[in-house]
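Novice: Sequence order for the protein chains is A and B.
Sequential numbering of the first sequence, starting at 1, is according to the numbering used here.
Sequential numbering of the second sequence, starting at 1, is according to the numbering used here.
A couple of the hints might just be wrong.
[Claimed, not checked] Sample of chain B residues facing chain A (criterion: CB under 10 Å; computed from the structure):
1. 18
2. 101
3. 104
4. 105
5. 107
6. 138
[What the hints assert, rightly or not] Which bits of chain A does chain B cover? Going by a derived footprint, with three or more residues having C-beta under 8 Å, they are:
7. 78-87
8. 92-105
[What the hints assert, rightly or not] Sample of chain A residues lacking proximity to chain B, with all beta carbon distances greater than 10 Å (derived):
9. 13
10. 18
11. 61
12. 109
Honestly, the hints are just simulated from the structure, not real lab data.
Just so it is clear, CB atoms sit at the ideal spot from N, CA and C, and this is done for glycine as well.
There are 2 protein chains.
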Amino acid sequence: MSTATMNATRPIITPEELLKYWQGHRGLTRRVIEAFPEKDLFEFSIGGMRPFSALALEVGGIATGVDGLAYGRWSTWEELEASQKDVNTKEKLLAYWDSVTEKINKEWPALTEARFNEVENSWGFYEGPVRSILFYFIDNEIHHRGQGYVYLRALGIEPPHFWEH
Amino acid sequence: MSTATMNATRPIITPEELLKYWQGHRGLTRRVIEAFPEKDLFEFSIGGMRPFSALALEVGGIATGVDGLAYGRWSTWEELEASQKDVNTKEKLLAYWDSVTEKINKEWPALTEARFNEVENSWGFYEGPVRSILFYFIDNEIHHRGQGYVYLRALGIEPPHFWEH
């Protein structure tokens, strides 16, 4: 190894750290799903917004885009909808969530530093480096989860602590 | 330059890209502040939560922690409160927000790749690498901004598009 390489600063973040960061957020979102009473999970909403089950299915479905991040394989919306059509109870939603968690762990080794810098077009919606697409996935999850916190507060339920991943 | 260095993969993200990412989020949060009618910004809330002005001041105050990220200088809570005590109108909140935006741009050059890997204790609340502290700042902003979206919807106001940074 050359001296230059040996002395190189380690990068800001590694693929392994990004996986831990994402899965930490996903674990917290799972606890928010769990915090909802079954009926409210599928029915309660504020200001004409979707119930939290629909927000969680959006976030969970987007996370299956790990196939796109890793291999450039983007499902169609029809395929995504078909994969979620029977998810109509809290138990099934949590099982769906867990299946995506396992899928992410399984595909992650394909996400090398080099891969994060390649350009993909995510579902024809946004074209950019894989890094930016992943950050969008995570940002979108935090955004909708924050909305779930308001739903829970409006229902008189204490949400899980935000900083406990 | 050695061959090893020349062929090295570029990192997942650079300090410049992280600045753009953070300031992109801050620009969107600014537009959410703008979207609130003055009175609702300071008074409207759901489920016993704080009004959006208080959430925005928390997020804006935390962002002044760029001094901690860059130099390890963490203000006291008393100093932070004192710096915000006159921010009692929408105009003043936006001006405060903009002053923090400038401060971040000014201090950013101190945030090298190496600095992101150094350990800091942010206000005695969390100890970890500067990278993780910054991600917490951004996550907390997205979380509270998502809550602002629910407030706006409940008020019958269309929020700015989430994906437009």
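Novice: All the hints need checking, so say for each whether the structure fits it.
Specialist: Hints, one by one, checked against the model:
1. At a threshold of 10 Å, the smallest CB-CB gap from residue 18 (chain B) to chain A is about 7 Å, leaving the interface hint in force.
2. Because the beta carbon of residue 101 (chain B) sits about 19 Å from the nearest beta carbon in chain A, more than 10 Å, this interface hint is broken.
3. At a threshold of 10 Å, the smallest CB-CB gap from residue 104 (chain B) to chain A is about 16 Å, leaving the interface hint violated.
4. Of the supplied interface hints, the one on residue 105 (chain B) is violated, with its beta-carbon coming no nearer than about 18 Å to a beta-carbon of chain A, more than 10 Å.
5. The beta carbon of residue 107 (chain B) is not positioned within 10 Å of any beta carbon in chain A (closest approach about 17 Å), and the interface hint is therefore violated.
6. Satisfaction of the interface hint for residue 138 (chain B) is found here, the shortest Cβ-Cβ separation to chain A being roughly 8 Å, below the 10 Å cut-off.
7. Counting residues of the region 78-87 of chain A whose beta-carbon sits less than 8 Å from any beta-carbon of chain B gives 0, not enough to reach three: the coverage restraint is violated.
8. Here the region 92-105 of chain A counts 0 residues with a CB under 8 Å from a CB of chain B, which misses the bar of 3, and the coverage is violated.
9. In this structure residue 13 (chain A) is not separated from chain B by more than 10 Å, as the shortest Cβ-Cβ distance comes to only about 6 Å.
10. Not every CB of chain B lies more than 10 Å from the CB of residue 18 (chain A), the least distance being 7 Å, so the non-interface label is violated.
11. Separation of residue 61 (chain A) from chain B is adequate, the least Cβ-Cβ distance of about 16 Å exceeding the 10 Å criterion.
12. Against the 10 Å criterion, residue 109 (chain A) stays outside the reach of chain B, whose nearest CB is about 15 Å from its own CB.
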